[in-house]
Structures are given as C-alpha cells and as structure tokens.
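The task is simple: from the sequences and hints, build the whole structure.
Protein chains in written order, with the working numbering: chain A, 1 to 366; chain B, 1 to 289.
None of these hints come from the bench; they were simulated from the model.
For each residue, glycine too, the CB sits at the ideal point set by N, CA and C.
Careful: at least some of the hints might be erroneous.
Straight-line C-alpha distance at most 16 angstroms; calculated EDC-like pairs for lysine to aspartate or glutamate [claimed, not checked]:
1) A:155 - A:32
2) A:134 - B:188
3) A:285 - A:317
4) A:76 - B:188
5) A:132 - A:161
6) A:155 - A:167
A few chain A positions that, by computed beta-carbon distances, are all more than 10 angstroms from chain B [as the list claims (entries may be wrong)]:
7) 85
8) 115
9) 118
10) 121
11) 236
12) 249
13) 261
14) 268
15) 285
16) 349
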Amino acid sequence: MERFDVELRKVTKRFGEVTAVRDVTLQIRSGEFFSLLGPSGCGKTTTLRMIAGFEIPTSGQILIGGQVQGHLPPHKRPVNTVFQHYALFPHMTVYQNVAFGLEMQKVDKAEIAARVGQALELVHLTGMENRKPKQLSGGQQQRVALARALVNRPKVLLLDEPLGALDLKLRKNMQIELKNLQAEVGITFIYVTHDQEEALTMSDRIAVMNRGRVLQVGSPEVIYEQPENRFVADFIGETNFVTGVLQRAGLPVEIEVAGQLVQAGWLAEGVRTGETAVLSIRPEKIHLLPGSANGEAHQFGTAVSGQVERTIYLGTDTRYLIRLDAETRLVVRMQNTQVGHSHFAIGDTVWACWNPAHARVLSAEE
Amino acid sequence: MQAIIRRSPAIRAWILLAPAVAWLFIFFLAPLVIVLIYSFLERGTYGGVVWQPTLENYRRVFDALYFNTFTRSVYIAVATTVICLILGFPMAYFIATRPQKIRNSLLLALMIPFWTNFLIRTYAWLTLLRTNTGLINVTLLSLGIIDEPLPLFGNDFAIILGLVYGWLPDMVLPVYAALERLDRSLLEAAQDLYAGRWQVFRRVIWPLSLPGVVAGSMLVFIPSLGAFVTPAILGGGKSLMIGNIISNQFLAAHDWPFGSALSMLMMVFMLVATLIYFRAVNREGGAGL
Chain A
1 MERFDVELRK VTKRFGEVTA VRDVTLQIRS GEFFSLLGPS GCGKTTTLRM IAGFEIPTSG
61 QILIGGQVQG HLPPHKRPVN TVFQHYALFP HMTVYQNVAF GLEMQKVDKA EIAARVGQAL
121 ELVHLTGMEN RKPKQLSGGQ QQRVALARAL VNRPKVLLLD EPLGALDLKL RKNMQIELKN
181 LQAEVGITFI YVTHDQEEAL TMSDRIAVMN RGRVLQVGSP EVIYEQPENR FVADFIGETN
241 FVTGVLQRAG LPVEIEVAGQ LVQAGWLAEG VRTGETAVLS IRPEKIHLLP GSANGEAHQF
301 GTAVSGQVER TIYLGTDTRY LIRLDAETRL VVRMQNTQVG HSHFAIGDTV WACWNPAHAR
361 VLSAEE
Chain B
1 MQAIIRRSPA IRAWILLAPA VAWLFIFFLA PLVIVLIYSF LERGTYGGVV WQPTLENYRR
61 VFDALYFNTF TRSVYIAVAT TVICLILGFP MAYFIATRPQ KIRNSLLLAL MIPFWTNFLI
121 RTYAWLTLLR TNTGLINVTL LSLGIIDEPL PLFGNDFAII LGLVYGWLPD MVLPVYAALE
181 RLDRSLLEAA QDLYAGRWQV FRRVIWPLSL PGVVAGSMLV FIPSLGAFVT PAILGGGKSL
241 MIGNIISNQF LAAHDWPFGS ALSMLMMVFM LVATLIYFRA VNREGGAGL
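Here it is in structure tokens:
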C-alpha cells in the first residue's frame with residue numbers, strides 16, 4: 001500500500017451557517033509538492049488550517065503520518081506552517097525566531113545553535129542572526145519564516161500563500177528556490193495558492209478547489225490538458241467554451257456547435273445524447289487554415305468554418321477571434337514561427353481545426 | 001515681519017508652541033523651583049518662609065515618623081499597581097480579543113463609572129466599608145455570617161481597595177491598546193512552533209504587551225504614591241499616606257519648607273523608580289521601548 005503523509009477523509013468544516021469545506025477527501029504522498037489551488041474563499045486556507053490544527057473539522061478525519069489527529073492542538077502535530085504574512089516575532093532576532101520551535105521542544109543549546117546555523121544556511125541568511133525582522137526585506141523575512149519552520153524537521157510543511165506579499169520578480173525567483181529547497185530537504189509541502197501559474201510551475205500534484213469542494217486532483221499537465229469540469233478548465237489557463245448539443249456519446253464524441261458537427265476526445269460523466277453540453281478547447285490547440293484548404297482541414301480530425309473577426313498581435317503569438325455564428329466565437333492562438341508572415345486578415349473565411357483528443361465535452365453546469 | 005514668519009517653518013513652529021511652553025513654565029517649572037528653594041529655608045510662624053538657609057527640613061524627612069509613612073506609601077502604591085496589573089491584564093486581554101463591536105461597548109462600560117466625580121465615588125466606598133454602619137458589615141452581621149464587624153475601613157486594605165478601584169482603567173486602557181495591536185497570527189505561529197498556552201503567553205503575548213504594561217504601571221503608580229483624597233477618606237484619619245502629610249504641612253501645620261522637602265523627596269523617588277523600572281523592562285526584551 002502506498003504511504004500517505006497526509007490524508008483527509010470526508011472532511012467538512014462549517015462556521016455557523018457557512019460551509020467552508022465540504023466533504024473533502026485527499027491523499028498526499030510522502031515527499032510530494034502538493035498545491036491547493038482556487039479562488040479566495042474556496043476553502044483552501046481552511047483546509048490547510050485544519051491540517052495544522054488551528055481549526056477542527058466539523059466531521060471527517062485528518063491523518064498525518066497514518067495517525068488520526070482528532071482534536072490535537074497545533075503544538076502537538078508533526079507539521080509546521082509558513083504563514084501568509086510570515087508572522088515573525090517582532091521582538092526577537094532572526095536567530096531567536098528560528099530557534100523558537102527547538103527551544104519549545106527542549107532541544108539542548110548546542111544542538112539548537114547547530115541546527116539554526118544549518119537552517120539559515122539553507123535559506124542563504126547566514127550572517128543575519130542578530131537582525132530584527134523589521135530590518136529585513138520582504139524576501140528575507142520570507143526566508144526566515146521558511147527557516148523557522150524547516151529547522152524543526154517537520155513531516156509536512158504547510159505554506160499559506162507564502163509568496164503573496166512579494167513583488168512579481170522576487171516571486172518568480174522564490175518559486176524556483178522553494179522548489180529546489182523542497183527537493184533538497186525532501187519534506188512534503190502542502191502549498192496554498194490562488195495563482196494558477198505558481199501552482200503549475202511548482203507542484204507535483206494540484207487539487208483545484210471551489211466553494212469548499214475539491215473539483216479535480218492531478219499533475220499540472222493533467223489539470224491543464226484534461227480538465228474534468230468547466231470550473232477547472234476555466235480557472236487554469238485560457239479556454240474556449242462553446243455551447244452545443246451532444247450528438248454521440250461514444251468515441252469520438254460528437255457535438256453540434258453553431259450548426260456544425262465537431263469531434264472531441266472525452267465526455268464528462270452524466271451528459272446524455274441530445275442534451276446541451278459545452279465543448280472545451282484551449283486556444284493554442286486550434287489551428288487555422290484558409291477557407292479554400294478543405295481537404296487539409298479535415299486531415300486534422302475535425303474542423304469548423306468561420307470568419308476572422310479580430311486579430312491581436314502579441315509578439316510570440318497572434319490571437320484570432322473567429323466568428324462561427326451570431327452568438328459563437330472561438331479564440332485561437334497561433335505561434336508566429338515565421339518572420340513577416342501575417343497569417344489571416346479580418347473578414348477572411350477560415351477553417352478552425354483540431355485533433356479531437358485535445359477537445360473535451362463538459363457538463364453545461366459548473 | 002509677516003514675510004519672515006511665513007518663510008521660516010522653525011519660527012512658525014515656535015509660535016504654535018509658545019502657549020504650551022508658557023503654560024508649562026508658569027504653572028509647572030516655576031512652582032517646582034519655588035518648592036525646591038522653600039525646602040532649604042526655615043519656616044515662618046504663620047506659614048510662609050524665613051529667608052534663612054538650612055538643611056534641617058531634609059534631616060527631618062528621615063525621622064522615623066515621616067520616613068515610615070513614606071515607605072508605607074511606597075508599599076501601598078506598589079501593591080495597588082501590582083493588583084491593578086493582575087486584574088487589568090486579563091480584562092484588557094478579554095476586551096482586545098472580542099469582535100470590534102463588542103469591544104467598543106466593553107470599553108464604554110469600563111469608562112461609565114468614571115463619569116461620576118472621584119470624590120463622590122470614594123465616599124460611596126465609605127458607606128459600603130464603614131466598620132459599624134457600613135453596608136457590608138451590617139448585612140453580614142444581620143445574616144449571622146460574622147459575629148464581629150470585619151476590619152474593612154480605616155486601614156491599608158481600604159486605601160488599596162480605593163486606589164485600585166480608582167486607577168484600574170488607567171491600567172486596562174494602555175494594556176488593551178498594546179494587546180489590540182497584537183497580530184493574532186503571531187499566537188498561531190507560536191502554537192505551531194510547539195509552544196503550549198503558558199509559553200505562548202510568556203514568550204509572545206507578554207513581551208509584546210510590555211509597552212502597555214509599562215505605561216499602565218506608571219499611570220497607576222504615580223498618582224497612587226501621591227494620593228491624598230483616598231487615604232483621607234478611606235484611611236479614616238488613622239491610616240495616612242505621604243500625600244496627607246504633605247498637605248497637612250501646608251494647610252494645617254503651616255510648615256511650608258518641610259512640606260516642600262517631603263514633596264522633593266517624593267518626586268526624586270518617583271524619578272529614580274521610573275528609571276529603574278524602564279531599565280528592567282528593557283532588559284526583559286521589551287519590544288523596543
């Protein structure tokens with residue numbers, strides 16, 4: 001049986017009338033970089049706080065290292081947290097901040113000194129021992145917070161939007177650094193973020209949450225390429241949603257959009273033939289061909305015809321807005337691989353074609 | 001002239017400060033100097049002073065009679081401060097951790113009793129505490145819970161009770177202000193780092209509330225040491241504090257120089273005590289006092 005560092009079994013958390021987390025089941029593997037991704041208020045922070053012990057689930061179980069946590073308070077759980085705004089103790093020096101957890105565990109002085117030294121080295125803060133948090137930059141404070149948690153060698157490190165307060169450039173650097181750090185220490189990271197790019201860059205697996213539920217769990221590639229519902233497809237990256245009527249539930253899936261029959265490679269559970277459904281396809285998966293290239297278009301697998309309504313030149317790519325009928329548009333993103341090659345002009349009739357494997361038919365509801 | 005004033009921010013600042021500076025000089029610094037000078041002069045027969053320099057007043061200050069009253073006053077002031085802190089800190093913590101709306105109501109509730117005059121409130125204690133006719137003793141006696149009246153009045157207990165009652169809000173408010181600013185996530189961080197309740201208090205809440213505790217202690221200790229209304233009423237004429245002796249020297253004994261010397265002693269003591277206290281708190285690692 002696979003070993004899980006953290007397991008949530010049907011965990012629900014209610015605050016009065018509000019259900020913050022609904023029936024969440026997760027299994028987080030040892031050594032994994034696992035992200036909880038979702039918009040604000042989706043329950044990701046509450047989930048993290050329940051693992052840390054700051055909140056107790058209304059129902060369900062949380063296991064850490066195979067042990068049921070029940071009502072254990074935070075200081076008795078083998079996890080440490082990096083807080084959103086770092087929560088460094090302002091009256092203590094960097095050294096005292098990092099040493100705090102070890103002192104509370106009654107580790108002897110010599111070992112504390114050695115481990116604090118190592119931890120500060122790990123986050124490149126050697127020499128800053130005697131500074132107060134106020135005298136550090138945001139990025140340095142962030143590192144102290146990391147060192148303060150990691151020095152305890154927890155089984156699991158919980159990170160609550162730790163990069164949220166940093167500016168963009170620093171955030172990018174810290175993303176890479178955090179990922180390297182995790183590889184170095186081999187501790188399981190559970191990372192809360194609302195930034196889809198951050199989650200895609202850093203995670204081994206991502207759980208996408210909305211309104212207290214986990215909607216999909218998978219690797220960044222699975223989450224991006226194979227979204228199972230509208231919310232996940234929409235929240236991560238850009239996607240086209242085209243409403244149509246399902247014509248064939250078997251493979252290849254067939255759906256009628258804007259009066260034309262197109263194919264897709266996957267169908268969400270519960271959608272029946274003749275019902276309204278949504279075709280989901282990423283802009284970069286669509287290829288445009290001139291309206292005259294009939295035969296070539298159908299070699300791609302499936303194609304719809306339309307007119308170019310707008311073009312936006314973005315340097316690396318050009319975005320096209322393709323009008324299929326009065327209500328339906330497709331966004332297409334094509335790479336500008338050839339110098340001076342302007343593909344299509346406004347008003348051109350084009351074929352928008354794709355490999356059916358890249359298109360998915362999702363339920364019309366969320 | 002006007003142009004100069006408009007152009008120079010320094011001059012403008014001084015003009016704005018002038019009323020306050022004049023006030024402090026006329027009503028604070030000048031009287032202080034007068035008291036200092038009087039303390040080295042001989043007394044006049046019906047009050048006032050005779051311009052004859054002497055150190056006699058300062059020698060008398062250390063007479064057992066006065067010096068004992070002085071040390072007892074220090075003891076009462078320290079006890080009042082400690083009791084205010086013990087009672088006030090949990091109150092401040094409780095208020096600071098309530099939701100915003102409730103917090104304001106609680107602060108208001110704390111202040112309401114102080115809309116009544118201090119003298120009247122002190123007399124109210126008199127009607128409660130008096131040995132034979134006080135409400136508490138009368139009630140307990142009539143219920144047969146006690147056989148003899150409790151010694152609630154005319155002693156240090158009554159004075160400390162009155163002072164604690166009078167100055168408690170002065171402790172609660174600054175401590176509340178410090179605790180209200182305290183970031184709750186720091187407490188969670190401490191818990192997360194294996195600190196139990198006591199450790200969270202000892203290592204995070206307490207050091208971060210020290211500025212408020214220091215301010216509150218000063219606000220309670222200083223008026224308590226110099227108190228004379230409370231001991232005059234609740235001390236029942238038997239238990240006196242240094243403030244009563246000083247006021248007696250001026251009003252009853254017509255010995256202004258000796259009263260001045262006692263005043264100077266009290267002020268020097270307060271200054272030294274304050275400095276020692278600040279230094280001790282700084283060593284404790286107070287948050288940058």
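Going down the list of hints, with the structure as the test:
no.	hint	in the structure
1	A:155 - A:32	11 angstroms, holds
2	A:134 - B:188	20 angstroms, violated
3	A:285 - A:317	13 angstroms, holds
4	A:76 - B:188	13 angstroms, holds
5	A:132 - A:161	23 angstroms, violated
6	A:155 - A:167	30 angstroms, violated
7	85	7 angstroms, violated
8	115	13 angstroms, holds
9	118	17 angstroms, holds
10	121	20 angstroms, holds
11	236	29 angstroms, holds
12	249	50 angstroms, holds
13	261	56 angstroms, holds
14	268	40 angstroms, holds
15	285	43 angstroms, holds
16	349	59 angstroms, holds
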